[in-house]
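Please work from the sequences and hints to get the whole structure.
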Amino acid sequence: MGSFAQRHPIWAAIIAAAVAIALWLIFAIWPEWLTDLIGAKKIFLNALFNGITLGALYFFVASGFTLIFGLMRNVNLAHGSLYLFGGYVGYEFATWTGYWLLAFPAAFIIVAVLGIAMQTLVFQRMEGEELRQTLVTIGISIVIADLLLWIWGGDFYNIQLPSWLIGPMDTFFITGVSRRTGEFIFLKYPMVRLVILAASIVVGIGMWLLLNRTRIGMIIRAGVDDREMLASTGVRIQLVFIGVFAFGAGLAGVAGVVGGSFQSLAPGEDIRFLLASLVVVIVGGMGSITGAALGALIIGVAEQFGSVYFPTYAVVLTFVIMVAVLAFRPQGLMGRA
Amino acid sequence: MATIDTHGNGLSSPSWFERIPAYYYFIGIVLISMPVFAGDFVLFQIFGWSFILGVISLSLMFLAGYGGMVSLAQMTIAGLAGYMVAIFGNSAIETISQGWPWYIAISLALLISVLFGTIVGWLAVRTEGIYTIMITLAIASAFFYFTRQNYVIFNGFSGFNGVLPPRLFGIDWRHPIAFYYLTLFWALAAYFTVVYISRAPFGLALQGVRDNARRMAALGYNVTAHRVAAYSFASLLAGIGGILLTWQSAQISPGTAGIGPAIDILVIAVIGGLRHPIGPFIGAFIYVLLKTFATDVLISFGLAGERFQLLIGLGFLVIVFWSPDGILGLWQRFQDSRNRDPLTGRGGREL
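First to last, the protein sequences are chains A and B.
Residue numbers are given in the numbering used here: position 330 of the first sequence equals residue 330, and the series is strictly consecutive.
Residue numbers are given in the numbering used here: position 258 of the second sequence equals residue 258, and the series is strictly consecutive.
By construction, these hints were calculated from the structure, which means they are not laboratory data.
On a predicted model such as this, the values are computed, not experimentally measured, just so you know.
Don't take each hint at face value.
[Stated by the list, open to error] A few chain A residues that face chain B, going by a derived Cβ cut-off under 10 Å, partial list only:
#1 His8
#2 Leu131
#3 Val136
#4 Ile140
#5 Ile142
#6 Ile282
#7 Val308
#8 Thr312
#9 Val316
Backbone N, C-alpha and C define an ideal beta-carbon position, used for all residues, glycine too.
Here it is, written out as structure tokens:
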């Protein structure tokens, strides 16, 4: 932090000012003129929280994507299909057993097994041929998308939430002052989204600890930096590859359950989440978990603010951000040159 | 197929029409006389569509095969050209279409698509290899969503219909025979231009950049400029293909240049082969045949006709898996196995 402020004093000042303004917008009671200018604070806070929780979902999807990319240089364009498949698997398990929480391990394990199959049967045979691997993932995504359409049809699916997650929850964010009584009005926010946000923070920190504080994490980080050197030190790199691919695929499956719980599952969602993770990873920097978190947050918030304040071009806004990042920092915000 | 230019010694060089291999004449005669024995449906839907998709995939093949840059934005550029023809020329949406003469509309459309393609290229060449795929895919989807949301210029979800080619020389260019020759002409023009450019200094430098960008930079070539120029040229091809595509279906909508079609263009180019400009046309022909008849074939085997996508996906997977150079690669292997040289172990013919 300190070194960043010393190296880029102007940027540090701009970021500090932006953070201060954001904090003021979140915690202060808005004056009349601001409400007149951009609408009620409740709308703003809702957009912000929706953006952050959407970012949490994007982080689930994109972290697996970026991990697989960082280690194996494999742009897995079938990642969106793994997401959708995980969602359907979770749906089946949740309706079959009646326990929402069981959907998560089920989706993780089954999609991870699919990931292991993909890595051992397909990608291991064309190691080092990055373009060919990417083309194969396109083929796999076409096939999986059609198989999913075959099995589950074109309907919308929604994973039923348990009762303790349904309904709003009071938060301590003030949206305004009541005109009649003069009391503060607090923001009510859906419980499930807050739980998902908390879960993604836990997963994010867990992944950070795993990568930075354990031996396996050390091996993975070494592999991201230099695969050949790592292999030559005697690490069984194929096992590491399989493990990371399984983990990344499993995360995509879990993300599918999350997405199916507070949004819906349908054909086409695979492409949507593939694109979201592409943009997140491009913005955040390829192969970086922190970058994925930052990118997911930026894209999620931008998407929600876009859909609230200029609804027509909400989707385009995310791509504008991507193009801007590419133009000025091609390696991504957290990527290494 | 490199037999055309291997006679560079000038001494006993045969006259130019003798140097053209016999199968060029054969294919040429078959293509030109096609309307004699093919029906309207085959001319318009099968061949017309194959040539158009071939031209668009050829632009991708040019970038990927000679430049080493796989761009998924080629369909987007084609779609943009189609939109521009609809906007500046005539369509059924008279509130938006300007109704300008065809020569202005077409040249503006091509100009804008080349400009757009150049900007895409400028963005895409900042990254390399697989990153390019990701970025161009993102650009393609941004265009798709933008055109779907924008009603002022792009007329949103429904797009434009009634986009017809001009009645030049008193001919209805959407008549199957006329349209067949129109698309054939542009397919041949695009094909021979790419063949020519691949041997011109620019094309050779581009291939050098593909093989070793660093060395080319050390030799004094401007690597970025070559790559961006390749994008500009490819956008011209894609733009031509896009205009023809719009005329063929007489409409353009966001779905024309969606994510699915963008990937289809890549599938076509890869199935055909990225080694030689004929590949995309072979791929397009196979794709069109599959798309037109697969449903019937699947139903006749007792399967559901909607599984067409599965067939395409599996075919693509098989091709990429076993023959990275597509159908052309299979042909090359067949040649190699047939006239194997006992000393070198390679085929007797150089492709």
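We went through each hint and held it up to the structure:
no. : hint   : result
1   : His8   : violated (22 Å)
2   : Leu131 : holds (7 Å)
3   : Val136 : holds (5 Å)
4   : Ile140 : holds (7 Å)
5   : Ile142 : holds (3 Å)
6   : Ile282 : holds (6 Å)
7   : Val308 : violated (15 Å)
8   : Thr312 : holds (5 Å)
9   : Val316 : holds (5 Å)
Violated hints, in rising order: 1 and 7; the structure is consistent with all others.
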